[in-house]
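Read top to bottom, the protein sequences are chains A and B.
The working numbering numbers the first residue of the first sequence as -3 and each following residue consecutively.
The working numbering numbers the first residue of the second sequence as 101 and each following residue consecutively.
One-sided excerpt, in silico: chain B residues whose CB lies under 10 angstroms from chain A:
#1 R166
#2 I193
#3 R194
#4 L202
#5 L214
#6 P241
Quick caveat, the hints were computed from the structure, so don't treat them as lab data.
Even for Gly, the Cβ is constructed at its ideal location relative to N, Cα and C.
Listed below, chain by chain, are the residues.
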Amino acid sequence: MNQGQKKSAAKSSLRPGVLAKRALPWVVPILLLIVWQWSSSAGILPSRFLPSPRAVVSSFIELSASGELWMHVRVSTLRALAGFAVGGGLGLLLGLLTGSLHWAETLLDTTIQMVRNIPPLALIPLVILWFGIDESAKLFLVALGVFFPVYINTFHGIRSVDRGLLEMGRTYGLSGWALYREIILPGALPSILVGVRFSLGLMWVILIVAETISARSGIGYMTMNAREFMQTDVMVVGILLYAILGKLADLLAKALERYWLRWNPAYQTAR
Amino acid sequence: MPATFSSKEIAAADERCSRGVSVEIKSVSIALGGRTVLENFDVEISTGEFVAIVGRSGCGKSTLLRSVVGLETPQAGAITLGNVAEHNGKPDIRVMFQDSRLLPWRRILPNVMLGLDPALIPHARKVLAQVGLAERADDWPAALSGGQRQRVALARALVHDPNLLLLDEPLGSLDALTRIEMQQLIEDIWRNRGFTAMLVTHDVAEAVSLADRVILIEGGRVALDEVVNLPRPRTRGSARFAALEERILGRVLQRRSAF
Chain A
-3 MNQGQKKSAA KSSLRPGVLA KRALPWVVPI LLLIVWQWSS SAGILPSRFL PSPRAVVSSF
57 IELSASGELW MHVRVSTLRA LAGFAVGGGL GLLLGLLTGS LHWAETLLDT TIQMVRNIPP
117 LALIPLVILW FGIDESAKLF LVALGVFFPV YINTFHGIRS VDRGLLEMGR TYGLSGWALY
177 REIILPGALP SILVGVRFSL GLMWVILIVA ETISARSGIG YMTMNAREFM QTDVMVVGIL
237 LYAILGKLAD LLAKALERYW LRWNPAYQTA R
Chain B
101 MPATFSSKEI AAADERCSRG VSVEIKSVSI ALGGRTVLEN FDVEISTGEF VAIVGRSGCG
161 KSTLLRSVVG LETPQAGAIT LGNVAEHNGK PDIRVMFQDS RLLPWRRILP NVMLGLDPAL
221 IPHARKVLAQ VGLAERADDW PAALSGGQRQ RVALARALVH DPNLLLLDEP LGSLDALTRI
281 EMQQLIEDIW RNRGFTAMLV THDVAEAVSL ADRVILIEGG RVALDEVVNL PRPRTRGSAR
341 FAALEERILG RVLQRRSAF
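My request is simple: use the sequences and hints to build the entire structure.
What follows is the structure, given as structure tokens:
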């Protein structure tokens, strides 16, 4: 009984502690928001410089009610995903190829490593020359940027598969596709997913730049268009949207890791 | 965890009893990275025999085992497996390594089923029960202890009903108690199935308690080939056991004192 009392006492004293720990990361953002709102309404922060949080919220509501916002979000998301599918898919394929076959590595890796050192955004003048300000220009830039993290991590993942497991697999008669499916791919998967997660972040960064430079729709276009009319509230809505979409992409990557790597104690969620 | 079954139960549970193959290793020479590991090495192992190979680290005992299963290729000599015709031309050889080498991304049952027809799931469950882990079939390998993982590795080897089982220090990383349990388990299953077994070990007591014959490798050659003429199951406390262990251990250490 004495022990039970102690236990419940410990529990009740623990509760506020846990709550405080949960709340702690949000103290600074909320404080910043309060200071921001206060300085806007006090007139210290002119709205042509930075709109008040309230103005941002009302502009968000207005834009989403008219459907304009969702149209831009949809266009940007489709662009991002299409670029990711093309670039990530190619990176995965080539990474699997150069990781598995030595002649493919000898043939391709030097070239890929050279191209990798060119920042994709440095190609913008050329890309505009090649594709105009068409959809394909943005697709190309995103695909190019996303390609390298997926490629490098896939290559590295394949190369670092446990030799002992490969040896074991061979003594159990696995070869070719069976060896690939049972041992090589699952062994490389943690590394591939690191590449995917990195790419998803990069995907938005490149798309933002591409859309602000040349586009007729999308979040970047909306933001740049707002600049023409000094609509700072719309600009902030656009910027915040990127933050949210980036966070969503990261959550997706994390969910994939938790599902595919659930065998790994490091990724198991507490039960 | 003790083995929760008798040898009779094992025999009853497994209708697919197999016979071993003989192994003939003739004038085999192997060099690894420019260093000669085995030189003109000769050993014959008869059908169903349990042979233990001992020797100091780096004497080539693991290399010998690996060359039998084809993981190393001898520069000279030949390794021939007998009664090949009886086993449809290709005898089944399985290896148990020092680390379990389970696939961490497969649950226990699929690990045992590696490279096997899905129709054999009931058989795999039966073998898993033989090693005392039937109730862990759906766990991840990461959830098992080292000893349990080695038992899964043993089940994975046994499910193929091998003609030759190669044991490359499979108990080296286990604690003393688990080790003795595993030795009993391996002995029971070997006696019931009658496969040929080659065990590489550092532990002379382990070699004496399990093997029909203990072979000491030194300088790339057979330095000692001792028949263990003790009735099974063997008791470690017996005077004859201790004397034999002492003699082999003395011979293993002899070379070191000469240096």
